[in-house]
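> Listed below are the residues making up each chain.
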Amino acid sequence: MSINHEFYINIVVCGIALGTLARFIYLRVDYRQYPTYPQGYMTHLTLGIISAALGAFSVPALIEKQYTAVTFLALAAQQFKEVREIERASLEKMEATELVPRGAAYIENIAKIFEARNYIAMAVAALTSLAVYLSKSVIIGTIVGGLAIYLSRYVMKIAYIRDIAEVLPSKIVFKGPLLCVEDVVLADIGLKEGREIIEKFGMAVIIRPKGLDSLISINNLGIRQAILHEAANQLGLKMNIDTPELAPLTMNNNENGDIIVVMVAMKPDIDAFVEIIKNVPAIETVRKYPSKSRGARKAFN
Amino acid sequence: MEVHVTGYIIAIVALRKAKDNVSSGTAPIIYVENEEEQQKLSMYLSRIFKAAVHDLENGVFILVKQY
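So the sequences go chain by chain: W and D.
By the numbering used here, the letter at position 233 of the first sequence is numbered 244, and the numbering carries on one by one without gaps.
By the numbering used here, the letter at position 41 of the second sequence is numbered 625, and the numbering carries on one by one without gaps.
No lab work stands behind these hints, which were simulated from the structure alone.
The beta-carbon is built from N, C-alpha and C at its ideal position, and this holds for glycine as well.
Heads up, some of the hints might be wrong.
Here are a few chain D residues that face chain W, going by a calculated C-beta distance under 7 Å [as the list claims (entries may be wrong)]: (1) 601; (2) 602; (3) 605; (4) 620; (5) 623; (6) 624; (7) 627; (8) 628; (9) 641; (10) 644.
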């Protein structure tokens, strides 16, 4: 069966347009996700167009019995895996320049999201061109594509700290040189000068997990590092490389599983601090679900 | 298994009267006369070596560098 030229163009152009739109929407400005610079946008948009084109061309190719087109999709998957590698490599290279590094878990999470976004572009494009072909109408195809973009948000949905835990403001208390929050010792600050700065500009919050799953997840060092990175990068640190005593800290309260976060910020605004921590992504790749295990349920009940 | 050094003592700043609380090791021990001098000296060393100062509360301060 062959498709006439004009219809072919309609199918492909519609698919590419909607697929690229999907990628563009996921490229929205987000303080949290890199890229934040124009070149990064260009790179990812171009890759988005390529993946959309692959998706869009796959449908007419299959209809015309060009089954080898499937191998191109496999090639595309390989390509997107490389996107992940590139993201990971570049973020890892920048780690050394960060006062508070992102941590391996956070980097892995970002890289995976970037890979997945290309698949979304490809899937939306394929679905759109299929809809155009079946309905023989560009408008219906566009509607289906738009719906696919909307629904893809559910696939790409990520959880935040606010979904798995409560974030409560707390107070720093010094017991001699010991920095304590709620009777948990976080550090030993020897310098009087450091203690004064921490008393003046230090903030403490408690992250109280909502259930068994979040209790285990929040204890992961990767999530804790991501929290520190986000908070430090949004409120600014008093710390410098020669004042390691002002570095932000996390510690778990071994009595109830709370996580305590202490930070000495340029602007010690506790409400902002709580808000920022609530909006840190609860990294999906390191989250655990022990509530699905019978043994764990027994142990914690 | 790989073994990493995650932190080590760069220097020890001790009060002269707490001399019995420290003995020789890998780190140099610096004796000071009073607590004010101890604070000042450990602050200088902390800034030089980018190390954190920890108070052991027995007249001994240790400077620990983390990696």
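> Taking 7 Å as the limit, does the beta-carbon of residue 628 of chain D come near enough to a beta-carbon in chain W?
violated, 11 Å
> Given a cut of 7 Å on the nearest C-beta pair, is the interface hint for residue 602 of chain D held or broken against chain W?
violated, 14 Å
> Given residue 620 of chain D was flagged as interface, is its beta-carbon under 7 Å from a beta-carbon of chain W?
violated, 9 Å
> Return the status of the interface hint for residue 624 of chain D: holds when the least beta-carbon distance to chain W is below 7 Å, violated otherwise.
Violated, about 10 Å.
> Holds or violated: residue 605 of chain D as interface residue toward chain W, Cβ cutoff 7 Å?
Violated. Min distance 15 Å.
> For the restraint on residue 627 of chain D, tell me whether the closest CB of chain W is nearer than 7 Å.
holds, 5 Å
> Going by Cβ atoms only, is residue 641 of chain D closer than 7 Å to chain W?
Check passed: Cβ of residue 641 of chain D comes within 6 Å of chain W, closer than 7 Å.
> Can the hint on residue 644 of chain D be confirmed by a CB-to-CB distance to chain W that is less than 7 Å?
violated, 10 Å
> Against chain W, run the beta carbon of residue 601 of chain D and see if the smallest gap drops under 7 Å.
This interface hint is violated because 18 Å lies over the 7 Å limit.
> With a cut-off of 7 Å on the beta carbons, see whether residue 623 of chain D makes it to chain W.
holds, 5 Å
Checked against the numbered hints listed earlier, the structure breaks hints 1, 2, 3, 4, 6, 8 and 10; every other hint is satisfied.
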